[in-house]
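Peer 1: Spelled out from the first residue to the last, the chains are:
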Amino acid sequence: MTRKQEIVSDVVIKFAGDSGDGMQLTGSQFTNNTALLGIDLATFPDFPAEIRAPQGTIPGVSGYQLRFSSKPVFTPGDACDVLVAMNAAALKTNLRQLKKGGKVIANTDGFDAKNLRLANFPEGVNPLEDGSLDNYELIKMDVTKMTREALKEFTMGMKEKDRAKNMFVLGFLYWMYNRDMSSTISFLKEKFGKKDDILNSNIKALQAGYNYGDTTETFTTTYKVEKAKMEPGSYRSIMGNQAIAYGLIAASQKSGLPLFLGSYPITPASDILHDLARYKHFGVRTFQAEDEIAAIASAIGASYGGALGVTTTSGPGLALKAEAMGLAVMLEIPLVICNVQRGGPSTGLPTKTEQSDLLQAYYGRNGECPMPVVAASTPSDCFDTVFEAARISVQHMTPVICLTDGYIANGAEPWKFPQSSDLPEIKVSFKKDLDEGEEVFQPYKRDEKYVRPWAVPGTPGLENRIGGLEKQDITGNVSYDPDNHQHMVKIRQAKVDKIADYIPEQKLDSGPAKGKILVIGWGSTYGAIKSAVEELQAQGHAVSHVHIRYLRPFPKNLGEIIRNFEKILVPEINNGQLVKILRDIYLVDAKGYNKIMGIPITKTELVEHIKKML
Amino acid sequence: MTDTALAPLTAKDFQTDQEVRWCPGCGDYSILAQVQKVMPTIGVPRENIVFISGIGCSSRFPYYMNTYGMHSIHGRATAIASGLKASRPELSIWIVTGDGDGLSIGGNHTIHILRRNFDVNILLFNNQIYGLTKGQYSPTSEEHKITKSTPFGSIDHPFNPLALARGADATFIARTMDRDPKHLQTMLARANKHKGASFLEIYQNCNIFNDGTFEIFTEKATKSEEVLFLEHGQPLIFGASRDKGIRLDGFTPVIANLNDGYSANDMWVHDEHDMYKAQILTRMFDDPFTAGHLPRPFGVFYETSRPCYEEVMAQQIDDAKAKKPADLDKLLRGNEVWTIN
Ligand code: SF4
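Protein sequences, first through last, are from chains A and B. Per the numbering used here, the first sequence starts with residue 86, numbered consecutively. Per the numbering used here, the second sequence starts with residue 67, numbered consecutively.
Treat the hints with care, since some could be wrong.
[To be verified] Below, simulated DSS-like cross-link-like pairs (lysine-lysine); rule was C-alpha separation at most 30 Å, straight line: (1) B:Lys-103 to A:Lys-512; (2) A:Lys-517 to B:Lys-387; (3) A:Lys-230 to A:Lys-246; (4) B:Lys-259 to B:Lys-103; (5) A:Lys-339 to B:Lys-387; (6) A:Lys-279 to B:Lys-396.
[To be verified] Taking beta-carbon pairs under 10 Å as the criterion, some of the chain B residues facing chain A (in silico): (7) Ala-145; (8) Gly-149; (9) Glu-402.
[To be verified] Sample of chain A residues at the chain B side, in silico, Cβ under 8 Å: (10) Lys-279; (11) Phe-345; (12) Phe-372; (13) Gln-373; (14) Gly-543.
Calculated from the structure, these hints are not laboratory results. Small disclaimer: the values here were computed from a predicted structure and weren't measured. Even for Gly, the Cβ is constructed at its ideal location relative to N, Cα and C.
Kindly generate the complete structure, drawing on both the sequences and the hints.
Peer 2: Have a look at this one:
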C-alpha cells in the first residue's frame, strides 16, 4: 500500500493513561528512539500523586509529554499535537492541552461505561461517540482487544497480557512516525532478559501495533521529523536527577574525594539516591538514613573525615536539615545539599513542580547563616551546576545548596556529554602539617579567600576540636567574646561573598546588552523564558534574557547588566522570591510574573505578558 | 607537638589546654579522668581517635580530649558518627551523649546506629535530669519526679536504656558508674575491644540538679547490697558478705540466700552471650526503695558479634570495583549515543 509521508518540523505528543498503563515507559521509549535519530527534544513527565489512585479515575492519570523537532527545542511545548488517551479520565484531564485539529488516539476499551463513570462523564455520554471531538482528528482503536488477540498464543493470564497494551500503542506510534523499533527491542531484552514469556509478549505486542498501522487502510499518512541542526558532537539523552548523580560522581573523580551520600527517600529527589546506589564501582557510598536529619548529619560526618559529603532532598526535607546546615556553616566544612523543589508549603504537592525554596535556601536557618546557592536550569545543566556546587564547597570550605525542581529532575533532553578530560580538576588539599612557627594547630586560621584549612582525622599533630558553639577566630576555641562574635559573623559572610571572585561573570543569554526589558530567570523556567524572549526579539523588540545559576553570591557584574534596562521582569514558579532578593540587593523596581499552579510557565503566556509591558 | 612513636602516651597526653567547665563535684570529671587513663592502652594512635558529642553537659567532653573531636548539635552525634565511620572505618570513634541527648532528641539515631552495628563506642552519661538547661526531667527520670518543668511530678514513664538498646539489637550493652573508677575503666576497655556498636550506660551524678540519685548504688554503705556485678562464667552473687545470689525460677529472677541451704551452684551463671538471659538482666530494674527489690546489675550484660555496617559497605564497594572499572567516560556516554556531524 502506498502512503503519503509528510515532513513535519515540530511535534508534541502527550501519552496519558492510568498509572498502571505504563505511559511513562512508553513515553521514555519513544523519547530514546527520537533522540537516537538526532532529533532535538524535551520531555515533561506529569505524575499523579504518589499513592495509586483507584484505576480509571482522574487522580490516577499519569502523563508524559514529549516534544521533538528538527529545530532547537527549549521546552516540552505549551500545547500538544497528539494526545494518546488510554482511558476516559486521561482524555478528560488532557484535552484542553490539545491543539485544535490535533489527533486523539483513544483506546476504546478505556471508554466503556465503567471508565466513563469513573471519569465523571454524565450518564450515557461518551466523548468518542457524541461528536464533541469533531474539532480534532479522532483515531479510535481497541488496544486491549487487539493486544489480547496478538498474544492469544501465549499461556500467560489475561492480566499479564493486558500489561503489554502500552507496547501496542508504542508500536503504532513508531509506525506513524516512521521509526525503526530496534532501540525498544534491545531495551526489552535487557529488562526482561531471562523472562522469556514477558519479553516475547512485549515484542509481539509492539510489532502488532506497528503492523496495525501498516495494514489498516484508513491510516493514509505517516510523518517524519528530520534531524535537528545541533552542534556537532556526541549526544545522549539525560534526565535532571540522573545528571545530578553523574555530576557528583564526576566531581568526586576530579577532586579525588570519595563520594558519600546520606539521604532519606523523598519525592521527587529519590532517584538521585537510587542512581548513586548503583555506582559502587566508583567508590560511592550511599547511606539511606533513618530521617532527613540523620541524612545530612551523616554527610557532615563523612565530610569531616575527608569525603565529598552530599545530601539530597526536597523542600520539607530541607526544612528538617536546617539546624545541621547551620552546624556545617559553623564547622566551615564542605557539604553539598541538593534540593529538588516541589510544591509547598508542608507536604504540599509532592509530584508537582515549584521554585518556592529559594528564600528557604537563602535564609532558612537560625542565626546569621550565609550559604552559597546555585540553581540548574535544564536537565543537562544539573550536571554542570552540581559539579560547580561541589567545587565551590570543597574549595571554599562551605556547605552549598544546589537547587533543581521536579520539572527538570524528571524531564529529559539531549545532552552533548563532556569527555572526562574536558572537565576541570577540582584542586583540594588537606592540611598535613603545622605551619612554620605554629605550635598548636589553628583550625580557624584563614587564607586569602577567608577559607580555613581542612584537617581530617588521622593526621598526626593536627588533633583539634570543632563544634557548633561560636569559636574564637584563628584558634577555634569556644568563645563568648562580643567583639569576636561580631567579627566571626562578618567573616563567615565575607567568605561567602568572596566566592564571587571565583565564579564566572554573568552572561546575557540572548538580546541586546541595553534595552527596554530584561527578563531575569533562574532554574527550570529557562526554556520558557528563552523561547518567549527569542520570539519577541524576532518581532523586533529590545528584550533580553539573563538566567542566573549563581544565586548566592551573585556574579559581580549582575548589577551592571540590570542597570542597562528600563524594566526588569522576573518570571518564577512561586509567589515572588528572586524578585525580592534582587530588589533588596540592587534597589531595582523589578516586577514578578508568578505562576503557582504546580506546572511550568508556558512560552505563550510569557510572550503575552511581556508584550503588555512593552 | 608531633607525636613520637617512641614514648608511650600517658593520660596526660590526652588532656587539652581547655579549662574543664563542669560544676565542681560533677560525675563527669571522674569519667573524663578514666577515659584519659584508658586511651593510652587501647593501642590506637591518638590521631585516629575521634570523640563526637551532641548537646548537654556531657557533650562538652570532646573539648577536653586531645584527640580529634566534634561538639555537634543536639542528638545528632550518632548520625554524624555513622557517616564518619562509614567513610573512615579505620578510625576509633567515641560518641559521648546523655539521657536527654541520646534518648530524647536523638533517640531515633541511637536505635538506628545500634541496629546497623557500626563499630563505635557510645558512652551514655545517664544522670536522669537535664543539667545544661538547668533541671528539667529527662526520659530516664523516675515517675512523679518534681522538677522545674514538672512541679506536680512527672507523669512520663522512664526509659530503661539497656532494655531499649537490647531491643534495638545492640551487639554490646553494659552498665557502669562514675564513682567506681576501676569498673569504669574495665568497661571502657571492654567497649573499645568489642567490634560493633558498644552501648555503655554510665550512671553519673549531677550534684547540682539531681544530687544523689544513684547514691544507693555508688555509696559504700549500700553498694554491696544493691549492686550486682556481672562476671562472665560466674554465678550471680552479691551482698556485703557475698551471701546472696540470683536464681532463675522459670524465667523469673529471684533472690536466694546462701545461708538458706542454697549453694553457689544453684545460682544463675552469667553468660554474656545468652541473648534471652540478657533480656531478663536488663529488666532487673526495680526501684531500689521498694521492699524485696532485686539488686541492679552492672557490667557487661550482653555481647555478640554481627557484621559491622562499614565493613559490609566497604566489601560491597571492593566487590563492585573488582567487577567493573570506574570509567567516567563510559558513565557519561551511557548506552545510547548518537553523533551529529
Ligand atoms: S549541671 Fe549537673 S551534669 Fe551538668 S555539669 Fe553541673 S553537675 Fe554536671
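Peer 1: Now, for every hint given, state plainly whether the structure supports it.
Peer 2: Verification of the hints:
1. B:Lys-103 to A:Lys-512: Given that 30 Å is the threshold and the Cα spacing comes to 41 Å, the pair is violated.
2. A:Lys-517 to B:Lys-387: Holds. Lys-517 (chain A) to Lys-387 (chain B) sits at ~28 Å (cutoff 30 Å).
3. A:Lys-230 to A:Lys-246: 10 Å, holds
4. B:Lys-259 to B:Lys-103: OK: Lys-259 (chain B) and Lys-103 (chain B) at ~15 Å, within 30 Å.
5. A:Lys-339 to B:Lys-387: Holds - the C-alpha atoms of Lys-387 (chain B) and Lys-339 (chain A) are around 18 Å apart, at most 30 Å.
6. A:Lys-279 to B:Lys-396: Within the cut-off at roughly 25 Å; holds.
7. Ala-145: With a minimum Cβ separation of about 4 Å from chain A (threshold 10 Å), the hint on Ala-145 (chain B) holds.
8. Gly-149: This interface hint holds because 3 Å falls under the 10 Å limit.
9. Glu-402: For Glu-402 (chain B), the interface hint holds, since the closest Cβ of chain A sits about 6 Å away, which is under 10 Å.
10. Lys-279: It is violated, given that the least Cβ distance between Lys-279 (chain A) and chain B is near 19 Å, above 8 Å.
11. Phe-345: For Phe-345 (chain A), the interface hint holds, since the closest Cβ of chain B sits about 5 Å away, which is under 8 Å.
12. Phe-372: 6 Å, holds
13. Gln-373: Status violated, d = 11 Å.
14. Gly-543: Holds - the Cβ of Gly-543 (chain A) comes within 8 Å of chain B, reaching about 6 Å at its closest.
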